[in-house]
Amino acid sequence: MSSVDIVNVHKSFGDNEILKGIDLQVRQGEVVCLLGPSGSGKSTLLRCVNGLVMPDKGHVSVGGNLIGRKVHNGKLHDLSGKEASTQRERIGMVFQQFNLFPHLDVRDNLMLGPRALKLGGKAELEDKARHLLGKVGLANRAAAYPSQLSGGQQQRVAIARALMMEPDLMLFDEPTSALDPELVGEVLDTMRSLAQDGMTMIVVTHEMAFARQVADRVVFMADGRIVEDTTPHLFFDSPETERARAFLRLA
Amino acid sequence: MQSSVNPPATGLERPAEVPDVVAVKRHYGRWAAVVVLAAIALGSAKSLAQNPQLEWGVVGQFLFDGQILEGLGQTLLLSVVSMVVASAIGLVFGFFRLSANPVLRTLGSLYVWVFRSVPALIQILFWGNLALFAPRLGIGIPGTGWSLVSAPTNDVLSPFAASIVALSIANGAYLAEIIRSGLLSVDEGQHLASSALGLTWWQAQRKVILPQALRVMIPPAGNQFITLLKETSLVSVIAGGDILSHAENISGYNLRTIELLIVAAIWYLAVTSAATLGQNIVERRTSRGAGQQKRKSKAEAARTPKEASL
Ligand SMILES: Nc1ncnc2c1ncn2[C@@H]1O[C@H](COP(=O)(O)OP(=O)(O)O)[C@@H](O)[C@H]1O
Ligand SMILES: [Mg+2]
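Sequences listed follow chains A and B, in order. Per our numbering, the very first residue in the first sequence carries number 1; after that it's consecutive. Per our numbering, the very first residue in the second sequence carries number 1; after that it's consecutive.
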């Protein structure tokens, strides 16, 4: 059973068709890197996976559960806000701009989600937060506010915040694109260790070296379609399409 | 010293001798203005103090009069209750205006449009005279004649209650706009991050969006409260029981109109000044929310070397 199943997903914003029929499966424990030029629909596709964006046609299921919708009388109906929120608990997402909560310190950034959703007692969650901050190498920054951290540190906090929810799946949307070059490595290292722990991951990235080393599969998108879906080895060394070759020449 | 800094000025024109001392600026214009203004102030004060039509003794006599103090209490009560109700209304309609639902959005815009456009005085007169066109108020099904409860309008809606209704609804429109722009000031990424964590809409608003929006909302909301404090005086037109209503009551029989207006004005001055002071303190406290982070980082920076040496 594949962990993520994307079937014939279409999405338009106004008259712009951004996703033009996407089919993609990601197995449990697999790391898939999603590559493609800017504007090709990678972020939109990623947001369809946790229901932040709802497809106009087609569907996404994660762990066998339809995301954001239910079938009734042969048609798809939207879930209630509460039901849709519950589905997102176990799908972590990391953003290009980190999106930490600026009014809360690091520890409270980590605690807010699990506290609101009553996933455990305070002491237990505090322990967990401490453990995860240690894991991302920020054990001593629990009391800092996001504005006091470097970009790389903020992104590692964002990863720890997502891990607090014990996700089965992690989505990364260009997690290192907003970082100064010297800070990219620390975030990629954190992601690499997450992959080694067996996390299922879909990673939108422009870090080709990371994709080559860590990805089990590379999916290349252009103009709202999947153009190549193959191993990193084949994609980087002998891309099949002219689009992919052009993309790699520029990268 | 000069020669050691500057290269020797060969063939360069320079004034023969330049003193080091810069003359102190003398603001003759300012002094002249102060003299003129002081003369005007003195003259006005003198004519006020010596005007035989104006008895300052009466002002002093009524400043702490029981009725006036009761009116002052009502003015404060009216302001605080109306502000609280207006904030609740503003929160609801602020969210309506940002809703994805076009019906709610339109409702929000209509509310703001109508109640910001119609002068507060007219709204107060309207609610105060509701009995003229709706003699009874109740809950029932219109057109059927069936009603669950019903009572004479004037029993339900005392002038004081009508004042609260009018001021709450009128100020709710302004607060809806303040709250809306506060909510809009919060970055889109905060909504995404909250949703991605599995928070419901309301959890996200309460724990993530509103705390950040509040910082932006506090200064204009404070101004709105101060405006409201003064606006409560309008309810004197329906004898709403505020300080001006009481002042007018008293001058109605002792005919000391100006003296009692001065009594009311002194109290408005005092109350508004206190509110302004309060607003400044609150603003400093909330902007310290951002400053707090800086202070904490200094504390941390001070601690770090110790930790490193351990
Ligand atoms: N919420 C939205 N409303 C309107 N247009 C959008 C929205 N989200 C994305 N788009 C548009 O969709 C296109 C693809 O966006 P995106 O999925 O972010 O691409 P990528 O992540 O590959 O750069 C862009 O042109 C963008 O402007
Ligand atoms: Mg993108």
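Worth flagging that the hints you see were computed from the coordinates, not collected in a lab. Check before you lean on any hint, since a few could be wrong.
[To be verified] No farther apart than 20 Å at their CA atoms in a straight line, the calculated lysine to aspartate or glutamate pairs in the EDC-like style are these:
#, chain 1, residue 1, chain 2, residue 2
1, B, 207, A, 78
2, B, 207, A, 105
3, A, 70, A, 83
4, A, 75, A, 105
5, B, 207, A, 168
6, A, 135, A, 56
7, A, 128, A, 83
8, A, 135, A, 168
9, B, 207, B, 231
10, A, 122, A, 186
11, B, 207, A, 126
12, A, 20, A, 168
Just so it is clear, the structure is predicted and the values come from calculations on it, not from any experiment.
Here is what the structure says about each hint:
Between residue 207 of chain B and residue 78 of chain A, the direct Cα distance comes to roughly 25 Å. Violation of the 20 Å bound is thereby established for this hinted pair. Distance check on the hinted pair: residue 207 of chain B and residue 105 of chain A sit about 13 Å apart at the alpha-carbon level, within 20 Å; holds. For the proposed pair residue 70 of chain A and residue 83 of chain A, the alpha carbon gap of about 10 Å is at most 20 Å, so the pair holds. With a C-alpha separation of about 44 Å, the suggested pairing of residue 75 of chain A with residue 105 of chain A is violated against the 20 Å cut-off.
Pair hint residue 207 of chain B plus residue 168 of chain A does not hold up; C-alpha atoms about 25 Å apart against a cutoff of 20 Å. Restraint check for residue 135 of chain A and residue 56 of chain A: the C-alpha separation of about 39 Å exceeds 20 Å, so the hint is violated. Distance check on the hinted pair: residue 128 of chain A and residue 83 of chain A sit about 26 Å apart at the alpha-carbon level, beyond 20 Å; violated. Restraint check for residue 135 of chain A and residue 168 of chain A: satisfied, since their Cα atoms lie roughly 18 Å apart, inside the 20 Å limit.
Distance restraint check for residue 207 of chain B and residue 231 of chain B: the Cα-Cα separation of roughly 33 Å exceeds the 20 Å cut-off, and the hinted pair is therefore not satisfied. Between residue 122 of chain A and residue 186 of chain A, the direct Cα distance comes to roughly 29 Å. Violation of the 20 Å bound is thereby established for this hinted pair. At roughly 18 Å between alpha-carbon atoms, residue 207 of chain B and residue 126 of chain A fall within 20 Å of each other, so this suggested pair holds. Taken as a hint, the residue 20 of chain A and residue 168 of chain A pair is broken in the structure, with Cα atoms around 27 Å apart against an allowance of 20 Å.
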